[in-house]
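Asks: Sequence:
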Amino acid sequence: LILSPRLTQVGLSSKKPFLIRLRSPVDRYSFPRMLTERCLSTRRKFNRHGIAVVKAASLDKVSGAIKPGGLVESDKLPTDVRKRAMDAVDECGRRVTVGDVASRGGLKVTEAQTALQAIAADTDGFLEVSDEGDVLYVFPRDYRTKLAAKSLRIQIEPFLEKAKGAVDYLARVSFGTALIASIVIVYTSIIALLSSKS
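For the sequence shown, the tail end lands on 543 under the numbering used here, and the numbers increase by one without skipping.
Hints in this document: simulated from the structure, not taken from any laboratory.
In this text the structure is predicted, and so the values were computed from the model without any measurement.
Virtual Cβ for every residue (Gly too), placed ideally from N, Cα, C.
A few of these clues could be false.
[To be verified] For each label pair, taking beta carbons as the anchor points, the in silico distance ranges come out as: (1) Ala-526 <-> Arg-489: 42 to 48 Å; (2) Lys-491 <-> Gly-444: 23 to 29 Å; (3) Ile-535 <-> Asp-435: 58 to 64 Å; (4) Val-529 <-> Glu-506: 32 to 38 Å; (5) Ala-526 <-> Ser-448: 47 to 53 Å.
[Claimed, not checked] With a cut-off of at most 27 Å between alpha-carbon atoms, the simulated DSSO-like pairs for lysine-lysine come out as follows: (6) Lys-491 <-> Lys-453; (7) Lys-495 <-> Lys-428; (8) Lys-428 <-> Lys-542; (9) Lys-421 <-> Lys-542; (10) Lys-507 <-> Lys-491; (11) Lys-509 <-> Lys-495; (12) Lys-509 <-> Lys-421; (13) Lys-495 <-> Lys-507; (14) Lys-453 <-> Lys-542; (15) Lys-421 <-> Lys-495; (16) Lys-542 <-> Lys-491; (17) Lys-509 <-> Lys-491; (18) Lys-421 <-> Lys-453.
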């Protein structure tokens, strides 16, 4: 995103985390959605043109492509991909890069990126640029709770897994019972046949 040196900041507050809205003094148009960035502290770095350096940006504020729009983006992910991505996020302390999730979760880079974008969009996660220039996905401490509250699919998954486990157990027990019963019937038939001949 390239900003004009003539863009200035309006609507700043020093008491709490704030949103920076950039407005052009030339054409007097403001772009509250496209040029809005979330700052986490009042200490800001500016470049030689006097423009604030981006340190963190909310996913749903910057990119309209991954804005939830009332839908649960995580529901579009395969269950296995979502779970592995979330486990990798927890292992890394909820501050991860795409490479971290891909390597720890055993996912493709595209799968990891799609999963992170969807989960962050549903849980109020945001992007942060590290001092080394890496783009980090940062998630709140209760992101799992937020995601479960939004997604009916995630809420019923534990019950479906338990039901699937119960069905598998019943299938194994039924197969074992049928196998033992068939063996008993065969041996009983053989004994009865030998007894009738004698």
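Asks: Could one say that the CB atoms of Ile-535 and Asp-435 fall in the range 58 to 64 Å?
Replies: holds, 59 Å
Asks: Between Ala-526 and Ser-448, does the beta-carbon spacing fit 47 to 53 Å?
Replies: holds, 50 Å
Asks: When you check the alpha-carbon spacing of Lys-495 and Lys-507, does it fall within 27 Å?
Replies: holds, 21 Å
Asks: Holds or violated: the 23 to 29 Å window for the beta-carbon distance between Lys-491 and Gly-444?
Replies: holds, 25 Å
Asks: Regarding the pair Lys-421 and Lys-453, is the alpha-carbon distance no greater than 27 Å?
Replies: Measuring from Cα to Cα gives roughly 17 Å; hence the hint holds.
Asks: Straight-line Cα separation of Lys-542 and Lys-491 no greater than 27 Å?
Replies: Given that 27 Å is the threshold and the Cα spacing comes to 75 Å, the pair is violated.
Asks: Holds or violated: Lys-428 and Lys-542, Cα atoms, limit 27 Å.
Replies: Given that 27 Å is the threshold and the Cα spacing comes to 65 Å, the pair is violated.
Asks: For the pair supplied as a hint, Lys-453 and Lys-542, confirm whether the alpha-carbon distance does not exceed 27 Å.
Replies: violated, 69 Å
Asks: Kindly confirm whether 32 to 38 Å is satisfied by the beta carbon distance between Val-529 and Glu-506.
Replies: holds, 35 Å
Asks: Could you tell me whether the CB distance from Ala-526 to Arg-489 stays inside 42 to 48 Å?
Replies: holds, 46 Å
Asks: Is it true that the CA of Lys-491 sits at most 27 Å from the CA of Lys-453?
Replies: holds, 26 Å
Asks: Decide if the proposed pair is consistent with the structure: Lys-507 and Lys-491, CA atoms, cutoff 27 Å inclusive.
Replies: Answer holds: Lys-507 to Lys-491 is near 23 Å, not above 27 Å.
Violated hints, listed in ascending order, are 8, 9, 14 and 16; each of the other numbered hints is respected by the structure.
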